[in-house]
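Those protein sequences? They're chains A and B, same order as listed.
Our numbering numbers the first residue of the first sequence as -2 and each following residue consecutively.
Our numbering numbers the first residue of the second sequence as 34 and each following residue consecutively.
Read the hints as simulated data drawn from the structure, not as lab findings.
Watch out, some of these pointers could steer you wrong.
Just some of the chain B residues that point at chain A, by a computed CB distance under 10 Å [as the list claims (entries may be wrong)]: (1) 47; (2) 50; (3) 51; (4) 55; (5) 57; (6) 58; (7) 70; (8) 92.
What follows is a set of in silico ranges between Cβ atoms, one per label pair, in the way DEER data are often shown [as the list claims (entries may be wrong)]: (9) A/114 to B/60: 21 to 31 Å; (10) B/118 to A/195: 25 to 35 Å; (11) A/195 to B/105: 25 to 35 Å; (12) B/60 to A/57: 20 to 30 Å; (13) B/60 to A/66: 29 to 39 Å; (14) A/371 to B/57: 19 to 29 Å; (15) B/78 to A/91: 58 to 68 Å.
Note that the Cβ used here is the ideal one computed from N, Cα and C, for glycine as well.
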Amino acid sequence: MTNSKVTLLTLCRIISGIPFSGNKHSGSVEDAGRPLQDLLQYHQVAALAYYYRKDLAAAGVGFTPEQLGQLKSYTLLNISRVMVYEHYLKHLDDLLQTQAVDYRLFKGIVTARSVYPEDYLRAFGDADILIRPESLRTVEALLEKDGFTHADDLYRVFPDEIIQKYSFAQHFIRSSPNNVAVDLHLNMSGRLHPFQFDSDDFWNGSKSFQLDGHELKTFDPEHQAVYAIYHAFKHYFFKLIWFIDAFLLLDRADLDRSKFQALIQKYKLSKLLNYYVIITDELFGRLPVGLADTHRSGRGRNSLINSSTVLSGFLPYSPSRARLLLPMYYLKGPCTRFGFLWRQLFPPMETVRDFYVGKNAGKGFLKYVKLRGKAIADLCLNKTKEEYSN
Amino acid sequence: MKYVHCDNIDWKEFDNESVLLNLSTGYYFRLNQVGTFVWPLINEDHNIGDMVDQVVAKFEVSQRQAKSDIHDFIEQLLTEQLINKA
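Next comes chain B alone, as it looks inside the complex (with noise of 0.2 Å):
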């Protein structure tokens, strides 16, 4: 499964963070270190095992917590209107 971006979404990255502006809600949230490096992936047409092998690589998380921690990740976007299935 695929996802992107929903429209109008703003995003701002900061010192390793970021800022997520949903401007149809106005509720904005702020992503940790992994969700800052997941949140491009899932707009370059990466799948959650692509996402899963990428935040492997860059953190020292094993495959089975990263693969939870994503999956829990996508649902919250999913439930919060930042992201749809593509």
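Next comes chain A alone, as it looks inside the complex (with noise of 0.2 Å):
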């Protein structure tokens, strides 16, 4: 094992608290691999590895005063991004209320606050929000008035009827006078995703939660811990930070085990979970309380994706494959699987038609055998110029 993943592996046990006696660090931080540094960032551990830069020390892994600097320097810019979205939130909470506009908002700085030691050590670069389609205009003009514009992303080539039918999220940015991004859900997952939630069981699963005096609503813990899971798969699972919420959510008191159980088995989610549970066990020595009493530790491994396929930070296969392969994995029972399967490579013509002619292109049958045969192809020759993000 690599000094950088020794030092990544030391970082969840000591989050667990359960020692790591596997390989020992032979020295310096640096090996053959990706940077370390680089790969505290690309996981967003940096400012972890800098909380608990003591106990690392005592285990075994330092740090050189260099990258402690720099560690220390990523800390501090993840607190004045946790003081410039905090600020912006309770800014953004008033101008919603004004416009009796429910929203609930999750991830990043809820979990930030939620279960982190401290709000900084949880990076994050957007605050997400989900509203219901009926306020998307509503939601827009505000924030357009308040200096935003729509990113100029993937889903803006598509016009607004299409964005909302596969409920892609929309993402804002301001760049004056602080950057600041904020992404709309309609929806706890695109329509074009294998598990599909509901979500009014999220509006329903709600609670407050408290922002300098603002009271501003979130999820449940159980659907906290759901939603991380999910989120978690839908980024192919590849940063360390994703494992980290949903141990910690998972991890914490006040979650209702039976409840979220309950939740996993209504959007089939067990399977994944099982996926998740023996990664998990992997890198943190033990199960978080909340699966305790259900999964057993120390079963089975995923040759696919497991733990050291994770540290690593590198996706085994293109972006293309893994939106096929992975749900191969995770999804429960073979019909499920076939059918997904056959939806991603034999979708509805209109879809095609939505996403790849337009809708004066004619409905040819020809035009969509052609179409969906490149894409195979593309598909089988792992041709494919997308990039990883999340």
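Both chains are given apart, each in its own frame, so use the hints to dock them into the complex.
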């Protein structure tokens, strides 16, 4: 195991309180793999590494003064980001309340405030907000009036009706006076994702969240935990911070375990949870208390995704293949898996028209066959120019 | 001369350093250990002479050096609209 991986694994064990007794660190934190600083930032755990630097040193994982200086700078950057978002979210809450817009704040700052020892330990780059579809125009107008613009991301090439039809998140950014990004979600999962959530469930499963005197609303611990596991899957499990999020959310004392398990059953996430359990057990040396009654440690190992591939920070496949292959592991039952595979390879002609051709391009079957043939060939040849990001 | 913090400034201390955020301009600043020590003194009705004395008492620095550094620091804080003259 490389020194970088030992460092990350030791960090996980400090969080879980289970000492790491595997390969020992060989002195220098640099090794032939990805540079440690790069890896810590990629996994969004640089501030955690700085916070636990004394525990890491006691476990034999020390940093050079230069590395510590970089980790501290990163932590101070996180602190400033938390300050910016705290102020902006209070302001946004006032704006939304004046228009009587109901919303739920989730991920990012909520997770940071709910389960981390300090909020700056959980790096985040945007504020995720669930709104009702009928509020979209109002919220867009409020944000635009407040200096935001629609981010020029992948989905902006599609017209509004397509964005709403497939429940794509709307990404808004503002660069002055502060860099702030707001993601508006109309649903908890995009319509094309293999797992589909009932958003009403999340709306109803809410609780209050205090942000310096402002009472905001977020999801209850059980919905937060379910979403954290889904979110890690959605991004192919490749950032350690998502595992830490889920671990801490499931390790909290106020989690209603039976309610959490009921949600896992309802959304057919049990197989996905089993893989999460295996990787979590490898990373943290124990299961979070929320899973201790229902799952056992040390069972099975997934050859495609395991703790080692997660820690490496590299996808072992292209995002196109990941979108197709991972659900084959995590969806429950052959019929569900085949159904998903079929929909991915041969989506309805309407979907292909929506995404690749445009409404006025006709409905020709030959056109459909040609497009799908090209997409499948590209997939087989691993020919994709997509870049992975979160 | 005495000074006060401007409105709309947020400040957080961390590990002997701190972050100053000007909510009006959006700029944030990293203060070193001495800046972090001096920042709260500004709002506590101290003039530059008081601040110099306190810095000399706390850090290993000459009166002359401390006076020069604090003067520069105050000038910079004024330029960045982080403090006003009281």
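TODO: Just tell me: holds or violated, for the beta carbon distance of residue 371 of chain A and residue 57 of chain B against 19 to 29 Å?
DONE: violated, 53 Å
- [ ] Tell me if residue 57 of chain B is really an interface residue toward chain A, meaning its C-beta lies closer than 10 Å to one of theirs.
- [x] holds, 6 Å
Open item on the list: Please check whether residue 195 of chain A and residue 105 of chain B have a Cβ separation lying inside 25 to 35 Å.
Closed with: violated, 60 Å
Task: Closest C-beta approach of residue 55 of chain B to chain A relative to 10 Å, hint status - done: Since chain A brings a Cβ to about 8 Å from residue 55 of chain B, closer than 10 Å, the hint holds.
Task: Interface restraint verdict for residue 51 of chain B against chain A (beta-carbon cut-off 10 Å) - done: Cβ of residue 51 of chain B sits 8 Å from chain A, so the hint holds.
Open item on the list: For the restraint on residue 47 of chain B, tell me whether the closest CB of chain A is nearer than 10 Å.
Closed with: holds, 6 Å
Open item on the list: I want to verify a distance hint. Is the separation of the beta carbons of residue 60 of chain B and residue 66 of chain A within 29 to 39 Å?
Closed with: violated, 22 Å
Task: Status of the residue 50 of chain B interface restraint (C-beta, 10 Å, chain A) - done: holds, 7 Å
Open item on the list: Checking hints one by one. Is residue 70 of chain B an interface residue toward chain A, by the C-beta closer than 10 Å rule?
Closed with: The hint is violated - residue 70 of chain B has no Cβ within 10 Å of chain A, the shortest such distance being about 17 Å.
Open item on the list: I want to verify a distance hint. Is the separation of the beta carbons of residue 114 of chain A and residue 60 of chain B within 21 to 31 Å?
Closed with: holds, 28 Å
TODO: Mind checking the hinted window 20 to 30 Å against the Cβ distance between residue 60 of chain B and residue 57 of chain A?
DONE: This hint is violated: roughly 40 Å between Cβ atoms.
Task: Supplied contact hint for residue 58 of chain B, tested at 10 Å Cβ to chain A - done: Cβ of residue 58 of chain B sits 6 Å from chain A, so the hint holds.
When each numbered hint is compared with the structure, violations occur for hints 7, 8, 10, 11, 12, 13, 14, 15.
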